[in-house]
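Number of protein chains: 2
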Amino acid sequence: MKTLTDLEIASKAKMQPIEKIAEKAGIPIDALELYGKFKAKINVDLIPKETNQAKVVLVTATSPTPAGEGKSTVTVGLGDALSRLGKKTMVALREPSLGPVMGVKGGATGGGFSQVVPMEDINLHFTGDLHAITTVNNALSAMIDNHLHQGNLLNIDPRRITWKRVMDMNDRALRHITIGLGGPAQGVPREEGFDITVASEIMAVFCLATDLSDLKERLAQIVIGYTYEKEAITVRDLGVEGALTLLLKDAFKPNLVQTIEGTPALIHGGPFANIAHGCNSLIATNTARNLADFVVTEAGFGSDLGAEKFMDIKARKGNFQPDAVVLVTTIRALKMQGGVAKQELKSENSSAVELGLVNLEKHVETIRAFGVQPVVALNHFIGDSESELQKVQQWCKTNAVKIALTNVWKDGGAGGEELAKEVLKALDEPNEFAPIYDVEQSVEEKVTAIVQKVYGGLGVLFTDQALKDLAEIQKNGWDLLPVCMAKTQYSFSDDPKKLGRPTDFMITIRSILPKLGAGFLVCLTGDIMTMPGLPKQPAALKMDIDEDGKAKGLM
Amino acid sequence: MKTLTDLEIASKAKMQPIEKIAEKAGIPIDALELYGKFKAKINVDLIPKETNQAKVVLVTATSPTPAGEGKSTVTVGLGDALSRLGKKTMVALREPSLGPVMGVKGGATGGGFSQVVPMEDINLHFTGDLHAITTVNNALSAMIDNHLHQGNLLNIDPRRITWKRVMDMNDRALRHITIGLGGPAQGVPREEGFDITVASEIMAVFCLATDLSDLKERLAQIVIGYTYEKEAITVRDLGVEGALTLLLKDAFKPNLVQTIEGTPALIHGGPFANIAHGCNSLIATNTARNLADFVVTEAGFGSDLGAEKFMDIKARKGNFQPDAVVLVTTIRALKMQGGVAKQELKSENSSAVELGLVNLEKHVETIRAFGVQPVVALNHFIGDSESELQKVQQWCKTNAVKIALTNVWKDGGAGGEELAKEVLKALDEPNEFAPIYDVEQSVEEKVTAIVQKVYGGLGVLFTDQALKDLAEIQKNGWDLLPVCMAKTQYSFSDDPKKLGRPTDFMITIRSILPKLGAGFLVCLTGDIMTMPGLPKQPAALKMDIDEDGKAKGLM
Numbered sequence: 002m003k004t005l006t007d008l009e010i011a012s013k014a015k016m017q018p019i020e021k022i023a024e025k026a027g028i029p030i031d032a033l034e035l036y037g038k039f040k041a042k043i044n045v046d047l048i049p050k051e052t053n054q055a056k057v058v059l060v061t062a063t064s065p066t067p068a069g070e071g072k073s074t075v076t077v078g079l080g081d082a083l084s085r086l087g088k089k090t091m092v093a094l095r096e097p098s099l100g101p102v103m104g105v106k107g108g109a110t111g112g113g114f115s116q117v118v119p120m121e122d123i124n125l126h127f128t129g130d131l132h133a134i135t136t137v138n139n140a141l142s143a144m145i146d147n148h149l150h151q152g153n154l155l156n157i158d159p160r161r162i163t164w165k166r167v168m169d170m171n172d173r174a175l176r177h178i179t180i181g182l183g184g185p186a187q188g189v190p191r192e193e194g195f196d197i198t199v200a201s202e203i204m205a206v207f208c209l210a211t212d213l214s215d216l217k218e219r220l221a222q223i224v225i226g227y228t229y230e231k232e233a234i235t236v237r238d239l240g241v242e243g244a245l246t247l248l249l250k251d252a253f254k255p256n257l258v259q260t261i262e263g264t265p266a267l268i269h270g271g272p273f274a275n276i277a278h279g280c281n282s283l284i285a286t287n288t289a290r291n292l293a294d295f296v297v298t299e300a301g302f303g304s305d306l307g308a309e310k311f312m313d314i315k316a317r318k319g320n321f322q323p324d325a326v327v328l329v330t331t332i333r334a335l336k337m338q339g340g341v342a343k344q345e346l347k348s349e350n351s352s353a354v355e356l357g358l359v360n361l362e363k364h365v366e367t368i369r370a371f372g373v374q375p376v377v378a379l380n381h382f383i384g385d386s387e388s389e390l391q392k393v394q395q396w397c398k399t400n401a402v403k404i405a406l407t408n409v410w411k412d413g414g415a416g417g418e419e420l421a422k423e424v425l426k427a428l429d430e431p432n433e434f435a436p437i438y439d440v441e442q443s444v445e446e447k448v449t450a451i452v453q454k455v456y457g458g459l460g461v462l463f464t465d466q467a468l469k470d471l472a473e474i475q476k477n478g479w480d481l482l483p484v485c486m487a488k489t490q491y492s493f494s495d496d497p498k499k500l501g502r503p504t505d506f507m508i509t510i511r512s513i514l515p516k517l518g519a520g521f522l523v524c525l526t527g528d529i530m531t532m533p534g535l536p537k538q539p540a541a542l543k544m545d546i547d548e549d550g551k552a553k554g555l556m
Numbered sequence: 002m003k004t005l006t007d008l009e010i011a012s013k014a015k016m017q018p019i020e021k022i023a024e025k026a027g028i029p030i031d032a033l034e035l036y037g038k039f040k041a042k043i044n045v046d047l048i049p050k051e052t053n054q055a056k057v058v059l060v061t062a063t064s065p066t067p068a069g070e071g072k073s074t075v076t077v078g079l080g081d082a083l084s085r086l087g088k089k090t091m092v093a094l095r096e097p098s099l100g101p102v103m104g105v106k107g108g109a110t111g112g113g114f115s116q117v118v119p120m121e122d123i124n125l126h127f128t129g130d131l132h133a134i135t136t137v138n139n140a141l142s143a144m145i146d147n148h149l150h151q152g153n154l155l156n157i158d159p160r161r162i163t164w165k166r167v168m169d170m171n172d173r174a175l176r177h178i179t180i181g182l183g184g185p186a187q188g189v190p191r192e193e194g195f196d197i198t199v200a201s202e203i204m205a206v207f208c209l210a211t212d213l214s215d216l217k218e219r220l221a222q223i224v225i226g227y228t229y230e231k232e233a234i235t236v237r238d239l240g241v242e243g244a245l246t247l248l249l250k251d252a253f254k255p256n257l258v259q260t261i262e263g264t265p266a267l268i269h270g271g272p273f274a275n276i277a278h279g280c281n282s283l284i285a286t287n288t289a290r291n292l293a294d295f296v297v298t299e300a301g302f303g304s305d306l307g308a309e310k311f312m313d314i315k316a317r318k319g320n321f322q323p324d325a326v327v328l329v330t331t332i333r334a335l336k337m338q339g340g341v342a343k344q345e346l347k348s349e350n351s352s353a354v355e356l357g358l359v360n361l362e363k364h365v366e367t368i369r370a371f372g373v374q375p376v377v378a379l380n381h382f383i384g385d386s387e388s389e390l391q392k393v394q395q396w397c398k399t400n401a402v403k404i405a406l407t408n409v410w411k412d413g414g415a416g417g418e419e420l421a422k423e424v425l426k427a428l429d430e431p432n433e434f435a436p437i438y439d440v441e442q443s444v445e446e447k448v449t450a451i452v453q454k455v456y457g458g459l460g461v462l463f464t465d466q467a468l469k470d471l472a473e474i475q476k477n478g479w480d481l482l483p484v485c486m487a488k489t490q491y492s493f494s495d496d497p498k499k500l501g502r503p504t505d506f507m508i509t510i511r512s513i514l515p516k517l518g519a520g521f522l523v524c525l526t527g528d529i530m531t532m533p534g535l536p537k538q539p540a541a542l543k544m545d546i547d548e549d550g551k552a553k554g555l556m
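Going line by line, the protein sequences match chains E and B. All residue numbers for the first sequence refer to my numbering, where the first residue is 2 and numbers rise by one. All residue numbers for the second sequence refer to my numbering, where the first residue is 2 and numbers rise by one.
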């Protein structure tokens, strides 16, 4: 029998009208703005605010393979499993970026029978939020370049503009460009570059703002560059925060969809976790916390990236805590961490799994460093052998780590019930959550805390550029912000080739970018790129549509 | 008493649920995909196809001022007036581009009591169609640059890539850029430029395709550049027409909204008429023709631009004809054409109106050159004097031209009833419509026909570049396509300063771009730019949103 693709499974799913899902979630019908029959934006002002807030379950993972370990799949499956156990549950996820959809990784709607649907809508343009964010970002860029062209009253130094344009695309040729060429009528020449939309400060602001007023204030605070006298220039100086907020007013409403099993899901905001802070919007999480008793949410890539930022940035800003943490791992991820080449991951190799367990071990320690005991979700893939699975189960038993085998891809919520029960147990146990650093510490101390306690490295090196950035940040009094590390997802270190559990490494910070609107300092490490490239055979080559309008080739 | 702004009038309008509007239009409820309460996309496959097709009324204008002469306003007001007279009417309009919304002209939803609503949604992101088109355009660009980077199997000459990136923005600094800088890992360096989305071939293809299969075939035929041997490279060679079509599948469904008075309106596709073909999508027009008895639609700028392209490109492709043509003019437009400076347009000046009448005269002749007798709509503005209005009315009487004074901005449909009656009379009269040229003619003959019969000029000059382009087009056998002129909207000539009715001018074609997907040849004349710039004080500076999410400052 042929295995169905995720798209085929999603297309066969019998969806409920989104009004039914809203009713189940406790969302009044007046608060819904329908986008077709199965998607809706929610006017959060019309949702009753509860004082009894939900338990938040954060789903993170061990260091992933390029295809991902099914973190969204487990998040959805766990949500469905909790629903099956009679718990009032909502799932909160990030919106997919077209970069990976058209590139190599595919969409971000889960997989198999643990998906959010309508899968193809969510993976393509969805309700247009990413396009609105792209537009706002680039409208600001156009205003900056127009200001230069129209006399430059603010005395902006074109060489010191830090604001970059964005596109929701993997497009390496836009990383380093020059603009404004062609003579005096065509703008002022300067160096420029495009980032991918999900790495933009607009996305971060969007995901951390608590309401429209906060959104506008954060947008106003964004620093876009410096004058010839090195004074910071903000969006407020340009006077366009009103227009930018107006352009985001609809996008800022969280999107309601459903899982294949009918659990309500909010999908809103989508920063990557390697080059940005990696969590869905705070407004979506807060909405879910008001509506449900249990919120299952994910943060991108491994616990060194998304989870660290969830706890040190998002939970801190949102003034809540993760009540339980699920750590997703897979046999193939551990094999890769144990040194197996990508093309060999399908062959049974228990000893490689055993070698890779140090990676799991470090992720467990990292989560414990935040005062939380993780529950390991061993996400079953077709082809995993019994002996490979046992290696992981045995290690967890030996180290007193809760573990559940999940079959959510194949069995949906039913395949996540064991995990759900372990999570419910964990929620009953004491939790001593605390962020890993205080914002009052120096930037060096904050970064060092992350490197040592989260990554397990020795310490931090700053390049000359990073030291210059730091001096500027201190001069401006911006050093009391949290930090947002931009680092490879493949290793705890900044070198994607250092697998397993590297220990004797230093992290090199090559540049520090103040993001005053988002309210954090981005530290760029290693070779990490804020604009990905496409592979030799992009996923787009397989995408198609038939004459009846049915999608083909979406992953 | 303070005059209300368009936004204030639109915000106070009592909208009907879009399902009611659909019912009135004869659209089955199953064919609706709601976008909020007052917008819907229509699945045209679920609409009954009628054999008795509607009469099509095209609304065009004399040469405009920078603020526009209220062509959309008259289109909406005429639609409402026909509805009032008991005629089953639909309005078909273009989608606004954010470029003018953020720039100088403002939105494109009509004005006063003749608007389509919800005005702010339509003017901002609407249902995301322009974002989808931008995305498709730039996904293709990313695929091209990735192809160069990954070994360039097709042997594409980076210096001969004609496909440009786009943005839905006025952003002059992106007109001439260089990309792929920074070394071997960052793509292949080459010259590039951004056009505004509404000028892109994707927009043209979108607006001229009859169904999804036609859309995919047209996308496949797009020429993106040439090899080192000067062989054309198409989207089909790159193998991404399926992915591009998939990305357009929702956008391609026409959008249903309503006028303030509840007349159904389709708003879909939005090419500018100066740098593109200037009409809403053929699929929207065809849908309206199937549903209504009267379709009122507009084409951009003056009859030399949008109307010429409507008749020579859109009507030809769509195999239908305009059954009547309304020519909108205003006192201030005629005054400007009579030589009055922009800042003096508000002062009474009957002799300037008289001088400007030659412009009206030529537009009347241009429409007659297509075998149709125009109905002049003299669009009343506050401040027009009786003696100024009489000059125009008198001229029309003398020259046997139907004319009606319209007060649609102030009075909505009631202010358009006189016009509606004149249009109904015109529809009863014989109509000898024919395009101005045959596609079988040579490119020189086709362009000369437009210059002489539509613009009233002497003839055409081709620059060396245009002659080279032409030779290449002939070599490839592409010369039997219609032409799409890119020309300033302010003059019949290619010099925006030549007002009134210039006669002794030549049109200079500086370049000819083959658009094989759209199925026409774009001829660039004079200094016309395919990427506009922002003014010193962009409209964005006045835009804002209050704490309750209410828009401010949209025009």
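Be aware that one or more of the hints could be misleading.
Under the rule of at most 30 Å between Cα atoms (straight-line distance), these lysine-lysine pairs were calculated in the BS3-like manner [to be verified]: (1) K50(E) <-> K553(B); (2) K250(B) <-> K250(E); (3) K543(B) <-> K13(E); (4) K13(B) <-> K250(E); (5) K250(E) <-> K21(B); (6) K553(B) <-> K543(B); (7) K392(E) <-> K318(E); (8) K231(E) <-> K537(B).
If you want the ones that stay clear, here's a sample from chain E, every Cβ over 10 Å from chain B, calculated [to be verified]: (9) K21; (10) Y36; (11) Q54; (12) L99; (13) L182; (14) L406; (15) A415; (16) Y438; (17) Q442.
Just so you know, the hints here were simulated from the structure itself, not pulled from any lab data. We put the CB at the ideal spot given by N, CA and C, even for glycine.
| Should the label of Q442(E) as a non-interface residue stand, given a Cβ cut-off of 10 Å to chain B? | holds, 35 Å
| query | K392(E) and K318(E): Cα distance at most 30 Å? | reply | Not satisfied, since the Cα-Cα distance of roughly 39 Å exceeds 30 Å.
| field | Agreement of K250(E) and K21(B) with the hint, judged by alpha carbon distance not exceeding 30 Å | value | Status holds; Cα separation ~26 Å.
| query | Can the restraint linking K50(E) and K553(B) be considered satisfied, given a maximum Cα separation of 30 Å? | reply | holds, 28 Å
| request: Find the nearest Cβ of chain B to the Cβ of L406(E) and say whether that gap is larger than 10 Å. | output: holds, 36 Å
| task | Would you check the hint for K543(B) and K13(E), treating anything up to 30 Å between C-alpha atoms as holding? | result | violated, 48 Å
| said: Need the status of pair K250(B), K250(E): alpha-carbon distance at most 30 Å? | reply: holds, 25 Å
| request: Would you mind confirming whether the straight-line C-alpha gap from K13(B) to K250(E) stays at or under 30 Å? | output: At roughly 19 Å apart (the allowed maximum being 30 Å), K250(E) and K13(B) satisfy the hint.
| Minimum Cβ distance from L99(E) to chain B greater than 10 Å, as the annotation requires | Incorrect as stated: the minimum Cβ-Cβ distance to chain B is 7 Å, not above 10 Å.
| field | Interface-negative label, Y438(E) against chain B, beta-carbon threshold 10 Å | value | holds, 33 Å
| field | Outside-interface status for Q54(E) - nearest CB in chain B farther than 10 Å | value | holds, 24 Å
| Holds or violated: is the Cβ of L182(E) farther than 10 Å from all Cβ atoms of chain B? | Label violated. Min Cβ-Cβ 4 Å, cutoff 10 Å.
Comparing the model with each numbered hint stated earlier shows that hints 3, 7, 10, 12 and 13 do not hold.
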